[in-house]
Structures are given as C-alpha cells and as structure tokens.
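Participant: Here's the letter readout for the chains.
There are 2 protein chains.
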Amino acid sequence: MASSVYELENLLERRAAWSRLGLTVGLVPTMGALHAGHLSLIGKAKAVADRVVVSIYINPKQFAPGEDQESYPRDAENDCAQALAAGADLVWLCPPDSIYPKDWATSVIPSGVGLGLESNHRPHFFTGVATVVARLFALLKPQFAVFGEKDFQQLKVVEQLNRDLCFGVTIIAAPLVRGVDCLALSSRNRNLSSEQRERALAVPRSLQVACSAYAEGERSTQVLCQLGRSVLSDSGIAVDYFELVKSSDLQPAPRELSGDDTDLRLMVAALCGTVRLIDNCALDTPPCP
Amino acid sequence: MASSVYELENLLERRAAWSRLGLTVGLVPTMGALHAGHLSLIGKAKAVADRVVVSIYINPKQFAPGEDQESYPRDAENDCAQALAAGADLVWLCPPDSIYPKDWATSVIPSGVGLGLESNHRPHFFTGVATVVARLFALLKPQFAVFGEKDFQQLKVVEQLNRDLCFGVTIIAAPLVRGVDCLALSSRNRNLSSEQRERALAVPRSLQVACSAYAEGERSTQVLCQLGRSVLSDSGIAVDYFELVKSSDLQPAPRELSGDDTDLRLMVAALCGTVRLIDNCALDTPPCP
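Chains as they are written, first to last, in the working numbering: chain A, 9 to 297; chain B, 9 to 297.
Hints in this document: simulated from the structure, not taken from any laboratory. Mixed in with the good hints there might be a few duds.
No farther apart than 25 Å at their CA atoms in a straight line, the calculated lysine-lysine pairs in the PhoX-like style are these [as the list claims (entries may be wrong)]:
1) K54/B with K110/B
2) K149/B with K54/B
3) K149/A with K54/A
4) K149/A with K54/B
5) K149/A with K110/A
6) K110/A with K54/B
7) K254/A with K110/B
8) K54/A with K110/A
9) K69/A with K149/A
Anything over 10 Å on all C-beta distances counts as not near chain A; from chain B, calculated [to be verified]:
10) D76
11) R130
12) A138
13) L163
14) C174
We put the CB at the ideal spot given by N, CA and C, even for glycine.
Please construct the entire structure, taking both the sequences and the accompanying hints into account.
Facilitator: Set out below in structure tokens:
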C-alpha cells in the first residue's frame with residue numbers, strides 16, 4: 009500500500025518487511041518541491057525496483073550560512089500526492105534531524121570528482137551530499153538509487169562514494185528534463201520572478217550557442233567557453249563557471265578538440281538575481297530543439 | 009584451511025565462500041608487528057565468529073609526514089605464523105594501496121569522540137583510522153570486529169563510525185594487555201632502547217600513582233592529573249597529555265569527583281625519546297598489580 013511516513017523507525021519497518029518478501033528497493037533522494045524531473049526519476053526507479061522510496065529532506069549540511077536553505081521551496085502535501093501518483097510506494101518525509109542520530113559525528117568528504125566546478129563556489133556542498141547519501145544508503149540499503157544528470161557533478165560524486173564505500177547500490181542516471189522553453193527543471197525555478205525566468209533562458213542558450221559553434225567546426229575549448237559566458241553576461245546573469253570537462257572524471261577538456269569528442273560535457277552555473285541555476289549538456293548534443 | 013592472502017580479490021573470494029556456507033566472520037584489523045595483545049584480540053574474535061580474518065596493513069593515511077611510518081616495525085613472516093597459531097583462519101597481508109581502488113577519493117572524518125586527546129597531537133590520525141576501517145568494513149562485511157582498549161579513543165571512534173554509517177558490525181572491546189613490568193604491550197615498544205624501556209615504565213606508573221591517590225581519597229581531578237604528569241616529567245618523559253575523561257563520551261571529568269566514579273578513565277600519551285607511547289586505565293582499577 010502506497011503511503012507516507014515521518015519516523016525513521018517506520019521507514020525501516022517497511023524496509024524490513026519488503027526484505028522478508030524478497031522485494032528489491034529503489035531510492036529516489038530529493039529535497040522536495042517535486043517537478044517533472046523528479047517524477048521521471050521515480051519512473052526510472054519503478055522500472056527496475058520492486059518498491060520505490062522517495063525521501064524528502066532539505067539537508068542542512070549541504071547549505072552554507074547565507075545560502076538559500078530558508079527560502080528553498082517547500083510543498084510537502086503536494087509532493088506526497090505527486091510522488092505516489094508517479095509510482096512511489098513510500099514517501100519518507102524526514103523531519104529535520106531525524107536522519108542523523110542525536111550524537112552523529114561522521115562526515116564523508118569526497119575529493120576526486122568532488123573537486124572543482126561546484127566545489128569552488130560551494131566548498132561545503134559535496135561533503136553535505138556525500139554524508140547524507142552515505143547515511144541514506146546505510147540506513148535503507150537500497151538495491152537501486154536514481155540521480156538526475158541535472159546535478160551532473162553530484163551524480164559523479166555519488167558514483168564515487170558508492171564505489172569507495174562498497175555500498176553495492178546500482179546507481180541509475182536519469183536524463184535532465186527541460187521545460188518547453190528549454191530551461192532545465194529545478195525546484196529553485198519557483199523562486200524566479202517572471203522577469204528573471206525570462207532572463208534565465210540565457211542559461212540553456214549559452215549551452216546551445218557553444219554546442220552550435222562546436223558543430224560548425226570551432227575546436228578551441230577557450231573560444232567555446234567564452235561564447236557561452238558572453239551569452240550569460242549579455243543577459244545580465246553572473247557566471248559562477250562555464251567549463252568544458254570530460255564526462256568520465258570531470259577533468260578539464262583538452263585545449264584543442266579533435267572533432268570526435270564523445271566524452272565532453274559543458275557545465276554551467278550562474279546567478280539570476282539571487283537564484284543559482286546549474287545546467288549541463290554533452291558537447292555533441294545541443295540541449296534545445 | 010588457515011592461510012594467508014595478498015590480493016583483495018583472493019580475500020573476497022574466501023569471504024564469499026564463507027557466506028555461502030552461512031559462516032560468520034570476525035575481523036581483527038592490525039598494522040602487524042603482532043604481540044600478545046594482538047593475539048588476545050584474535051582469541052576474542054575466535055570465541056564469537058566462525059571464521060577470523062586478521063588484516064595487516066600499515067595504513068599511510070594515519071601517519072603524518074615526519075611521523076614514524078618508515079620506522080614502524082615490520083615482521084610479516086612471523087606475524088603470519090603467530091596469527092594462524094592463535095586461531096586466525098586467514099591473514100590478509102595487504103600490499104600498500106591494495107586496500108583502496110586506484111581512484112579512491114573518499115575521506116571519513118569523525119568528530120564527536122574523535123576530537124581532543126590524540127586529535128590534538130595527531131590531527132590526521134582518526135580520519136586515517138575511520139577511513140580505513142570504513143573501507144575494511146565495507147569490503148569484508150564482517151559480523152564482528154575486535155579492537156583493543158589500549159587504543160581506547162580509537163575504539164570509541166570505531167563504535168561511533170559503525171553506528172553512524174550503520175555497518176551493523178558487533179564491535180568487541182578487548183582489554184589492554186601488559187608485560188610483566190606493567191608496560192602496555194605495543195608494537196612501538198620494539199623501537200625502545202633498553203634504557204628507554206626502563207624509563208617508559210613511568211607511563212603505567214603515572215596511571216598507578218593517580219589511581220592510588222584517588223583510592224586514598226583525593227577528589228580533585230586537577231591534582232590527580234598533576235600527580236601523573238609529575239611522574240612522567242620526573243622520568244624525563246615528555247607528556248602529550250594526561251587527562252581524566254568520561255569513558256562513555258571522552259568528555260572531561262568533573263573538577264571535583266564524588267568517590268563513586270565508575271565511568272572515568274585516565275588517558276595518557278607521552279614521548280620516550282622519539283617513541284610515542286599511549287596508555288589508559290579506569291580510575292578505580294589501578295593498572296599494575
């Protein structure tokens with residue numbers, strides 16, 4: 009029976025009951041404010057696991073003081089209804105602090121793919137992600153977990169964590185979902201004014217422009233990135249980074265490209281007013297139709 | 009059949025074979041240079057687990073530059089023979105770097121009981137311990153693991169790690185083992201000259217003196233610790249710390265004791281020449297006969 013739980017012990021009771029029946033579990037960790045991107049993750053989980061758990065937890069460890077933890081969108085009732093309609097068997101509405109024991113004292117710090125890009129601007133961020141994901145994997149022991157490619161570096165961090173600490177979870181990457189205007193779906197989009205939303209379209213356009221230039225023969229990484237950055241700054245959007253990296257390890261792309269570059273990914277983070285947006289795409293796959 | 013292995017894959021093959029037979033596994037993690045203290049850990053493991061694995065690995069992550077990683081005693085052949093004779097079913101002689109994958113990039117950092125005492129003098133130490141223990145638990149998935157009370161703070165860190173990351177390992181604490189002269193057994197004792205060994209007896213004597221003063225009615229924590237420190241400095245031994253703490257959480261003991269203090273522990277670390285020695289005992293249980 010699909011339903012929601014608040015307390016950790018209720019979650020673990022349900023998990024144990026599924027184990028006794030030999031049912032596999034897929035986890036979709038979220039911070040709530042669900043949109044069609046999240047629902048696609050639930051669909052991916054449903055396709056492989058017998059039971060799907062959606063966790064909704066605004067993890068304080070991945071916000072620094074002064075970041076948008078307070079204004080992060082919250083909509084628990086609607087989230088539950090949407091998640092269950094999308095096929096979740098259980099929604100875990102984790103109350104603050106229920107996820108960690110009272111005397112919790114362990115941090116999990118990823119280097120490797122966790123360095124650079126987001127880390128340069130949010131140095132606490134991946135420690136928060138790795139710690140809460142380690143705790144969720146350890147508690148729930150899912151066979152599968154689904155993460156969106158929208159947060160591409162996060163996906164890589166989770167894959168690395170899962171390998172290093174041998175959680176044995178099959179990590180499933182779900183493609184980024186865009187709105188009809190090509191803006192990547194994000195819970196933070198709810199905090200954009202309509203004027204900002206219009207301006208924010210420069211984010212996918214910056215990727216599109218770089219992809220097009222590459223398709224038309226531009227082979228300088230520096231030129232491609234500069235084209236993307238110009239689209240953003242021309243729209244009054246502050247660029248945190250606009251980089252071309254190898255998808256496999258997030259190391260910088262070569263300066264000169266070969267034209268046969270199947271493993272390269274454009275990564276962008278930018279501020280539209282106070283709303284921070286991230287986006288990415290494969291260099292040979294323009295994001296917008 | 010008792011034996012030793014070098015490669016991780018051989019270890020995991022043996023582990024998998026035991027799982028198929030429904031046998032439980034006890035892990036005794038060591039850095040080699042085994043002594044009777046280690047052998048007592050193997051005995052403890054043997055008493056509860058169907059199969060006992062002794063790992064021998066001088067973990068580079070728990071040494072800082074300039075510490076004694078190079079001079080740490082090594083005696084693999086003798087270690088193997090001793091461990092097997094003591095009841096180990098498998099000795100894992102981990103080659104350097106075999107324990108971590110090539111692109112390993114995860115650190116596990118304990119705060120809580122990992123703060124203070126050793127951390128004040130070896131700030132890298134418990135991150136090294138927690139990371140390697142997390143990796144060993146994750147790889148081997150033992151039902152039991154045995155740690156000596158000689159490294160009392162380490163034992164507490166491992167208990168915390170095991171709880172926080174839900175490894176589900178039953179952690180067994182084994183009492184500290186002393187030589188006939190009352191010095192706590194330690195692999196590092198091999199690096200003491202005979203003159204230093206004589207002087208090192210001030211370490212257990214410092215604990216003994218504080219315990220005796222407590223038994224005779226001294227109730228000031230400061231006075232008890234000062235008595236212990238004096239024993240060490242009078243013997244020309246540099247004190248890193250000599251503290252009285254609560255055994256449960258390693259927080260400082262109250263300034264004034266009640267006389268009914270069953271949860272207090274004296275913790276000492278000191279340098280005899282370049283050899284660093286640690287020792288500890290319950291305040292109401294003098295270490296020497």
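Participant: Work down the list of hints and note, for each, if the structure agrees.
Facilitator: How the hints compare with the structure:
The hinted pair formed by K54/B and K110/B fails the criterion: a straight-line CA distance of about 33 Å is larger than 25 Å. For the proposed pair K149/B and K54/B, the alpha carbon gap of about 17 Å is at most 25 Å, so the pair holds. Proposed proximity of K149/A and K54/A is supported: the alpha carbons are some 17 Å apart, at most 25 Å. Using a Cα cut-off of 25 Å, the hinted pair K149/A and K54/B is violated, with the two alpha carbons roughly 28 Å apart.
Using a Cα cut-off of 25 Å, the hinted pair K149/A and K110/A holds, with the two alpha carbons roughly 21 Å apart. For the given pair, K110/A sits about 34 Å from K54/B by alpha-carbon distance, which is inconsistent with the 25 Å threshold. Using a Cα cut-off of 25 Å, the hinted pair K254/A and K110/B holds, with the two alpha carbons roughly 18 Å apart. The straight-line distance between the Cα atoms of K54/A and K110/A is roughly 33 Å, outside the 25 Å bound, and the hint therefore fails.
At most 25 Å may separate the alpha-carbon atoms for a hinted pair to count; K69/A and K149/A meet this at roughly 21 Å. A cut-off of 10 Å between C-beta atoms confirms that D76/B is not in contact with chain A; the least separation is 26 Å. The claim that R130/B lies off the interface holds: its Cβ sits roughly 18 Å from the closest Cβ of chain A, which is beyond the 10 Å cut-off. Look at A138/B: its CB is around 7 Å from the nearest CB on chain A, not clear of 10 Å, so calling it non-interface is violated.
Against chain A, the non-interface label of L163/B holds: every CB pair exceeds 10 Å, the least being about 15 Å. The beta carbon of C174/B sits about 4 Å from the closest Cβ of chain A, which is not more than 10 Å, so the claim that it is off the interface is violated.
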